[in-house]
Amino acid sequence: MKRFKTTKGMIGIVLLSLIALIAIFGPMVIPPDAATAMDMRARRAPPSLTHLFGTDQLGRDLLFRVILGTRTSLEIAVSAVLMSVVLGLPLGLISGYFGRWIDNVLMRFVDTLLAFPALLLALTISAVLGPNIQNTIIAIGVAFTPYLARIIRGEALRVAQMPYVEAARSSGTTDAMIMWRHVLPNILPAVIVQATISLAFAILAEAGLSFLGLGTQPPAASWGLMIQASRDQLDIAPWTAVVPGLAVALTVLGLNMFGDVLRDILDPRSK
Amino acid sequence: MKDIVSVDHLRVEFATDGGPVVGVEDVSFTIAPGETLCVVGESGSGKSVTSLSLMRLVEFGGGTITAGRLNFERADGTMLDVAAAPAQVMGAVRGHEIGMIFQEPMTALNPVFTIERQLTDGLILHKGLTQEAASARALELLQSVRIPEPERRLKQYPHELSGGMRQRVVIAMAMACDPKLLIADEPTTALDVTIQAEILALINRLKRENGMAVLFITHDMAVVAQMADRVVVMYRGRIVETGTVNQIFENPKEDYTKALLAAVPKLGEMKGKPAPEKMRLIGDEAARAAAAPVKARVPEVLLQVKNLTTRFPVKGGILRRTVAQVHAVEDVSFTLNVGETLALVGESGCGKSSCGRSILRLIEPTSGEVWIGGRDIGALNRADLRRARADMQMVFQDPFASLNPYRRLKDQVAEPIQNFGLATGAALEALVLQLFDRVRLPRDFMNRYPHELSGGQRQRVAIARALAVNPKLIVADEAVSALDVSVQAQVLNLMMELQEDLGLSYLFISHDMAVVERVAHHVGVMYLGRIVEIGPRSAVFDSPRHPYTQSLLSAVPIADPRQRRFAEDLAFKPITSPIFPLGHQPAPSTYTEVTPGHFVLSL
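Just so you know, the sequences run in chain order A and B. Mapped onto the numbering used here, the consecutive letters of the first sequence carry residue numbers 1 to 271. Mapped onto the numbering used here, the consecutive letters of the second sequence carry residue numbers 272 to 874.
FYI, nobody ran anything at the bench for these hints, they're computed from the structure. It is possible that part of the hints are untrue.
Chain A stretches covered by chain B per the calculated footprint, using a threshold of three residues with CB under 8 Å from any CB of chain B [stated by the list, open to error]:
{"#": "1", "segment": "61-75"}
{"#": "2", "segment": "180-187"}
Computed from the model, here is a short list of chain A residues facing chain B with C-beta under 8 Å [to be verified]:
{"#": "3", "residue": "P47"}
{"#": "4", "residue": "R169"}
{"#": "5", "residue": "S171"}
{"#": "6", "residue": "P268"}
{"#": "7", "residue": "R269"}
Going by beta-carbon spacing under 8 Å, a handful of chain B positions derived as facing chain A [claimed, not checked]:
{"#": "8", "residue": "R479"}
{"#": "9", "residue": "P523"}
{"#": "10", "residue": "P687"}
{"#": "11", "residue": "N690"}
{"#": "12", "residue": "H722"}
Idealized CB from N, CA, C, for every residue including glycine.
Here chain A stands alone, though its shape is the one from the complex:
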């Protein structure tokens, strides 16, 4: 636990706990309807004492909307990335460890998915399934799977050629046990790094879907939806982009720092 006591670890933990608290308790704390109440006289009001972060094009308070959006954005991003790990990990692991025809079959499937841009893929899935939160999660999760599978496969391929894997095989360890005991722990650092990066992209992917009307449905709020809405008014009301943008940036920063520290903690060499 000593590792957490580095500056990096502390910043990461503080940021993430703050964001988690906001996501869990934020919607209960803010006055009901505060985030959706429109005030047409105060449209695009700059930050002031009445509206700390300013208001958007419909005069809704940005502070409350960001707080309300935290839960939606994180719920979608975290679930989607978890889903892509759950799908991509076995795919990449089996592909990289066994190689040969298994690798060929699985990777051609992954290549097919990779041939479509992730957002386009998510768009299609979302359009077919219909717009709601679960389907948005599924769409982003599936769209991100091939990237994760590719990276995991590469790592698994590298680890599968290590002498300790050959040593395990020569002492009668079964393939399943080799993957579980020897390959998985050694590819975990790469998975953690890729997952933290994916989280940032998932937040933005949700924004893209929302923009096209397939993600979060107004009047509900999400960071991505807010960033997309600010697009037309960047010149006259820049705060409408800066506020949710900052929320995304801080989350990603916190995740990356936490991910780095987590990776170090899991590595016995760094103790």
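Here the structure of chain A is known, so what remains is to put chain B in place on it, guided by the hints.
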């Protein structure tokens, strides 16, 4: 004669997160023109840091020279303190007045430039030669390092040359500007023994012809005995002992030097002894008491290999079809008795590792039979093969890569036992404890991770893991090659002790003839996938019959300065390629029995 180099109380520190760490301290020595000074030490002794300081290259690795003088006599006769010299002056000295040869001949050459370009760059920069003059000089240099077909080599890229030729090019580059001092940092460690002999002979000749001083860094006492005029022995960043080569080898003063020399197997010292013998290590009472010969038991066959052949496909073309085959193991047959050691020796690419892996079916052999204890390993299905693996275990070369960095040592040693369901719970714990005792590792290591151990300790863990399921056969693939010499001796003694106590059979795969002479009952010499000569150790070493065995034995450096062998230029026959077109059927191996049990491949 005036010294060309005098190093005076050198101290180098490295900045780390935990404050400065001393790399070398209080190092002083001198080198006279025409003299070879060998700096010898085990890993971490600071020998490379010393040589890099002399080039002021140590700064690029994060080191700082914090004290001492490094005087070097320049070409114009003035003395230069390298430790205080400005960067431009060092730029003119490096590669011009001091030449350097590195360990790895592949990475020392830039893969995207031709040999000519790499050789002429320095000449144009330092000597101001024109392109034509530089090219002419480059050709001269290649001729002086005796590369075959030098004109053609100039236009080639590094990957088109063999390892030995590349190292000759690196030497030619170092010699390009007629340096007064040549620094050679482990120049032959990555090379095969015959190529090593050629390179050592070449360095000797160039030194003689040009009157250069040579600073030779190595970990290998046998190379020191062959090359040095004077020797500096280093240990943990300090000089232990300095003296002429004869003094150091015949009358060492310091305990560390004595221990180091005791650990070096000397080719030829087993002459006339019928069985392997443990090394007499200083301070290792257990080994001294039990230095008795390791006796062979009543012959009882454990492993029988019949006509084993392994080929790897070479894929090519757009469709990745097999276009040729590497004949890694070609019609190999031998037997190994219970409680005995058969060593397979040969140079890199001779198929000795592939042979060991084919026997364990870690790679699938193309044809042939492998019988262990009356069971045909080749005929087993997957499940039976897994069970059969309890009888045959393997110890790998690299003790850093053969242990999983993420698992506790006790779990790694316990794994084979769990695999075969031999014990659980407290019984398992007790068994693992016993194994740690058996390989003489402290019990508190059980809960540690591999990175906390030294190379020798890790190799003990690997041996404990191999012993866990009471195997009959252990395939040791270069199991001691990556270890420092004193550690190597301890691990070898441990292996011999285990053989004596448990009746283990070893298939000992190695390139090191001196080690093999020490441990083996029988020796098989491999060349291009075949065993060219096999027989009792004494027969193969004392009266080698096959020309390849003879040249191999003549190339091994002997750890005795009175038996120098590399004065004249040497040229061994280069090893030909083991790649053959599809469908190529080589002739079967036929042997002549020269004396009972001693077989030589018919030419």
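For each hint, the structure was consulted:
Taking a C-beta to C-beta cut-off of 8 Å, the segment 61-75 of chain A contributes 0 residues in contact with chain B, too few for the three needed, and the coverage statement is violated. Figure legend: the segment 180-187 of chain A, annotated as covered by chain B; annotation consistent (4 residues with Cβ-Cβ distances under 8 Å, at least 3 required). With its C-beta approaching chain B no nearer than about 42 Å, P47 of chain A sits outside the 8 Å limit, and its interface hint is violated. Contact between R169 of chain A and chain B, as hinted, is supported at the beta carbon level, the nearest pair being about 7 Å apart and thus within 8 Å.
The criterion of a C-beta within 8 Å of any C-beta in chain B is met by S171 of chain A, whose closest approach is roughly 4 Å, and the hint holds. Restraint check, P268 of chain A versus chain B: the minimum CB separation of about 4 Å is within 8 Å; hint holds. A cut of 8 Å between beta carbons decides the hint on R269 of chain A: the least distance to chain B is about 4 Å, and the hint holds. Evaluation of the R479 of chain B hint against chain A yields a violated restraint, the C-beta minimum of about 43 Å exceeding 8 Å.
This hint is violated: P523 of chain B has a C-beta 37 Å from the nearest C-beta of chain A, more than the 8 Å allowed. For P687 of chain B, the interface hint holds, the least distance from its beta-carbon to any beta-carbon of chain A being 4 Å, beneath 8 Å. Nearest Cβ of chain A to the Cβ of N690 of chain B: about 4 Å, under the 8 Å cut. The hint holds. Against a cut-off of 8 Å between C-beta atoms, the interface hint on H722 of chain B holds, since the closest Cβ of chain A lies about 4 Å away.
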